[in-house]
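Heads up: the protein sequence lines correspond to chains F and H, in order. Sequential numbering from 152 applies to the first sequence in the numbering used here. Sequential numbering from 878 applies to the second sequence in the numbering used here.
Hints in this document: simulated from the structure, not taken from any laboratory. Possibly wrong hints are sitting among the right ones.
Unchecked claim - Partner residues aside, some chain H positions facing chain F, computed with beta carbon under 7 Å: (1) Phe901; (2) Met1126; (3) Pro1152.
As the list claims (entries may be wrong) - Here's a subset of chain F near chain H, in silico, CB distances under 10 Å, partners left out: (4) Gln368; (5) Gly375; (6) Arg394.
Model, not experiment: these values are computed from the prediction. Glycine included, every Cβ here is placed at the ideal spot set by N, Cα and C.
Listed below are the residues making up each chain.
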Amino acid sequence: MMDDVACPVLSNITLQDSYHKIIFDAPHIAASAKPGQFVHVEVDDTTEHVLRRPFSICDADAETGHLTLIYKVVGEGTAKLAKKPAGETCRILGPLGTAYQYKDDVFPVIAAGGFGSVSTMFLAKKTPRPGIIFMGARSKHDVLLVEEYRKLGWQVEIATDDGSEGFHGLITTLLLNHTNDFPAETKIFGCGPAPMLYALIKTVAPLKFPCDVSMEQHMGCGVGACFACVIKVKDPTSPDGWRYSRSCKEGVVYPSTEVYCG
Amino acid sequence: MADLTVKLGTLTLKNPVMTASGTFGYGAEYEDFFPVSALGALVVKGIAPWASHGNATPRIAEVKGGMLNAIGLQGPGVEAFLTGEHYLPHLKQTGATVIVNIWGKSPADYALVAERLETEREAIAAIEINVSCPNVKEGGLSFGTDPKSMASVVSAVRAKTTIPIITKLSPNVSRIADFAIAAQDAGSDMISLINTIPAMAIDVNTWRPKLANITGGLSGPAVKPVAIKLVYEAAKAVSIPVIGMGGIMSGLDAVEFLLAGASAVAAGTATFGNPRAPLEVIEGINRYLDERGIKSVQEIIGQVKIGK
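Looking at chain F on its own, in the form it has when it is part of the complex:
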């Protein structure tokens, strides 16, 4: 059940460089969270930072009530979060947004750009069987969670912009090189920066595999009230052929065929 509750921090550690992992005691979220959904976290209970920070759910365990988030320190808000010691609390609103959709016999293929592999970790744990994850990153320093995916039985294929690890080039090129290996029941799940996702949507369009993408924009309320985080989706009833959709409410996960690329 979605709600807003003060959740104790259980641990908050540095993973690598500016990437951190925080675990909350958040039974209200862990009980119902689905892969692809996100939470809206209050990083500061003063009036200095008035907005919350949205984070993909990296793991949620219904039995222990633990909620795991992996985040990158990019500004003052996430820097404050990184300083939260165990025992302090943060108000957390969630779970929010739509989830990845798949059938029981799915062969999952993930295309995760940069930080996207954090959000798809929860998906990788929940799919009925392991599949292939394509990770795209600027350099080897930005490749996250490779061992964790391998432990779950996933085949990991890496593409880096600078060639410092794996394939030297775009993740979409790497994915296309492998499509012959995909079984008929394959579904592709994309998460990452917007340019990569739009490239992925165009790449998979001629393929026969369905695809979900996790799209987002700078967010305000997280519940569909402020209309800040919109993305363009196809809308045949609109004179322009598209409308702005609130990614926090109608997304963040959309079927790739619904996203308007133009």
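We have chain F already, so just place chain H on it with the hints.
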């Protein structure tokens, strides 16, 4: 429990706390957190004669003590608002006191929306005229920074509706009293202020504005002292009720507006950080009054002490 009832002309509210237009969607978005009928009034996002996309993204940026927005009045248009299942038909079932914010590009546009809303006058407690949005190219602020243009919009709306009218004023003017008086003289039953303050922020890494619209409107705690001053001045200038807003995060912030002369208040940016903020503002006002043995919220309205 103090008596929180306030009277805004012919309109009586169960408590003085509203939601600021544009911060509460069309109401349904926050029903998971509290019954929206608990609000003094629910002010919906701006309604125009037409459906509109709004501005490009990013539309929001946090700044110290507040935020900038340039949503650009995305909305369904008045016909969809009147009949769409997520809009007025839904709001009617919630039992909320509904105020509809309206906008257009000409006085005739505003009048058209008012005329259509008049068909649902039993369900609409008031119409709030937005002549102060800083984020649309036509209409909006262009009416709100000239008293004559603003009055022409208010008169046009007045001619088409019996529903009480609130005129929402811009803070971006040299003498707020002129605008408060112009709204009153043109037939507005109340005024509300402030809308957001035109503002800008730049990303020092990319050298780009943080909003796609380049500029936006500043809201949140940072604007509260500006808003208090303008509410104080506007309330002194007119006899019609004033609705105060701008950075209200708590019951004590709301009390400050009431003391300055506001008969009601609105919470806005606070709701983005805390979905139950409007309810907590109501509770906070009540606590303040109870702690001081004040029986009715009406006893503190405009009671700021000036001089000896």
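Numbered hints the structure breaks, given as an ascending list: none
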